[in-house]
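*Asks:* With these hints in hand, go ahead and build the complete structure from the sequences.
Protein chains in written order, with our numbering: chain A, 1 to 332; chain B, 1001 to 1322.
Using 30 Å as the maximum straight-line C-alpha spacing, the simulated DSSO-like pairs for lysine-lysine come out as follows: (1) Lys284(A) / Lys1046(B); (2) Lys28(A) / Lys42(A); (3) Lys332(A) / Lys1046(B); (4) Lys1019(B) / Lys327(A); (5) Lys129(A) / Lys86(A); (6) Lys179(A) / Lys1006(B); (7) Lys28(A) / Lys1019(B); (8) Lys327(A) / Lys284(A); (9) Lys179(A) / Lys8(A); (10) Lys129(A) / Lys1019(B); (11) Lys49(A) / Lys1312(B); (12) Lys8(A) / Lys1019(B); (13) Lys1006(B) / Lys8(A).
Please keep in mind that the hints were generated in silico from the structure rather than gathered at the bench.
Only a predicted model underlies this, so the values are computations on that prediction, with no experimental measurement involved.
Listed below, chain by chain, are the residues.
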Amino acid sequence: MTTGFSIKQVLACLNVSVFDPVVEPALKKACQIEEQEAVERKDPFSGFKFFIGMLSAALVCFFGFKSVPFVSGTLLCLICGAALYKTDSYAVRFFLRTYFLSGVFLLTYALFLFSETLCVFVLFIFLFKNIFSPGNQGQRIVLSLLLFICVCLATQNVLFISLGVFSVLGTIGVLCPVKNVYAWDVGAVFLIFPLLTLLFLDFLAMAQGTIVLQNTSWLSVFFAAEAVILLFCLRRDLNAEEFFWFILGSATLMLCGVFLSVGLSGSIALFLTAFFVDSPILRKVSVLMFMCFLLMFILFLPVSLFWAGGVFFLLACGFMALQYRLKQFEAK
Amino acid sequence: MIVPDKNSAVYLNRQIQEKDVRCLCQTGVLPFGASLRAVSLCRSEKEWLRFCSRTLFVSACMAFGLSAFFLAISQWHFVYTTYSSFFLFAVFVACSFLRRFAALDYAGAVVIGAMVFLPDLIFGTNVFLYKQFFLWFFLSIFWAVPSSRSLIRLLPLFLLNVAIALYGWQFVLPSYKMNADTFCILAVVLNLLIAVSWEKIKQKTALPDIAFFRFIALFLSCAYLLAGVGAQIFLSNGAFAFLYCFIFTVFAGWFVLFKEYDRLLSQTLMVFCFLWLSFALYHVAGASFASAEREVFFVLESFLITTFLILKNQLKFGLKEE
Chain A
1 MTTGFSIKQV LACLNVSVFD PVVEPALKKA CQIEEQEAVE RKDPFSGFKF FIGMLSAALV
61 CFFGFKSVPF VSGTLLCLIC GAALYKTDSY AVRFFLRTYF LSGVFLLTYA LFLFSETLCV
121 FVLFIFLFKN IFSPGNQGQR IVLSLLLFIC VCLATQNVLF ISLGVFSVLG TIGVLCPVKN
181 VYAWDVGAVF LIFPLLTLLF LDFLAMAQGT IVLQNTSWLS VFFAAEAVIL LFCLRRDLNA
241 EEFFWFILGS ATLMLCGVFL SVGLSGSIAL FLTAFFVDSP ILRKVSVLMF MCFLLMFILF
301 LPVSLFWAGG VFFLLACGFM ALQYRLKQFE AK
Chain B
1001 MIVPDKNSAV YLNRQIQEKD VRCLCQTGVL PFGASLRAVS LCRSEKEWLR FCSRTLFVSA
1061 CMAFGLSAFF LAISQWHFVY TTYSSFFLFA VFVACSFLRR FAALDYAGAV VIGAMVFLPD
1121 LIFGTNVFLY KQFFLWFFLS IFWAVPSSRS LIRLLPLFLL NVAIALYGWQ FVLPSYKMNA
1181 DTFCILAVVL NLLIAVSWEK IKQKTALPDI AFFRFIALFL SCAYLLAGVG AQIFLSNGAF
1241 AFLYCFIFTV FAGWFVLFKE YDRLLSQTLM VFCFLWLSFA LYHVAGASFA SAEREVFFVL
1301 ESFLITTFLI LKNQLKFGLK EE
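*Replies:* Structure, rendered in structure tokens:
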């Protein structure tokens, strides 16, 4: 995914001198973070698959103790939290972390049942505190997921505005990394999960045989705003013509969301963000979301089976033509 | 002027990735607002073009497939006419002559099946589905033998198992000739016999290997055992008769038949062991804690998931690794 430049060469291109006494402590900090990540990678239970496995086990345990959330959550957090300080074994730590996480889920659920606002506030405080320390990526992801779910459940009447706000916050977090704020993972979660929620709601609507969701046009405004934020971040590097095309693109994105499908415009906005931050994860997610929303859009069209087949055929021809054009461009 | 130390020098000479740009911005090495410029320096446009090209190709193939599906469904009335048999025969002849192309090789195998099912659709013969699948299995052998593609060569094994499963579902079980456990054991024995026979034949003759053959045979054996366990627990509420049978068959298959270490096979067997143990836990939770059956099952299941994840990492299997 890279052009082969070294870090030194990129810094030189951006007029950042590694001999500058102002830059030297920051560079040392970057090396320390890199070393810390290398130490964390030595844990055989680090990695995406084990993280998903841990989340699954914690969720299943949550459903087991859901009837007594406060007592079971407190006990799990206290026992597993205390034991984590005593043990050095990777396997035991993984086991204890899983049930500590389950305890956190149960306590969050208990707090949510008590007071939705308080729960969201507490989660926000914990997340806010966590984004200022470089390690603990897993903690940040879990806290941001919990915050997203709690806010969505608490604001069901204005769900689409919540989803839109999360998308915009996610875009800002991903496009504008700030000094001493480690919030890229949080931004990625806030970018991906609104689209996943939309897809899930679309799928439910299709399964129940109802027409598409109402009041989704607000979301297209937020997705267009994402493109505008991207434009703002690129403002110094665009000429007048590129600026004009970008504004036109944002307006088209909004109209696409209003008249065609909000999910399509959201996934296009995500793809643009993924391109400008060069993120392989966001790229794959955006393409997958786009294909799912396109399929949903065609299936929702009020046409006969024959014409649906025709639409898919035209789409396939369009994709092949685009691919042929891209190959010609690549050859140049 | 500050000279970077050894660690910093090593870090600086490393090839940059997009997460390094993030780290440099977050630590303050890069000023605010320079992240997109830095990313543009390390982004490979060629890689993006290749990704987009591959994605468009896959999307086009899926769209063509969906188009064919919807068009076929919309013109389904054509299938009920005798002209459809002539059409299918013409397609089959074309596939036979042009089977060097992968798409037509696969299409030919599917068209054979379509021609087997067609008389029932046109004339309403009401023939049992398992008989049609047995016939398809038999005819697919003649199509699979000259083919060089593994998926085509594996097709008869799949069709045979589908036919056996349908035979059990439509004939054996409703007529009470035998119960589900016995039927599944016999199906497992058949699959293992096929796998062992194939290994022996391959050693003694010059037949080319079929990729994933023994994996698929063992996979299907485990699937039948799992189906038998599920039927015993959910339908007949039986005891743990399957416990010993499952353990014996899985480990026998593992150690005795397949002495070479096969990572895919061992991971698949772990998945089946996990699923079978989940069934067993459900049985235990239901038998011992009638009022809190679901909650106890969830807690035990979470222990099982965590244990399997730890074992997956820690356990060294006693098989020879190449």
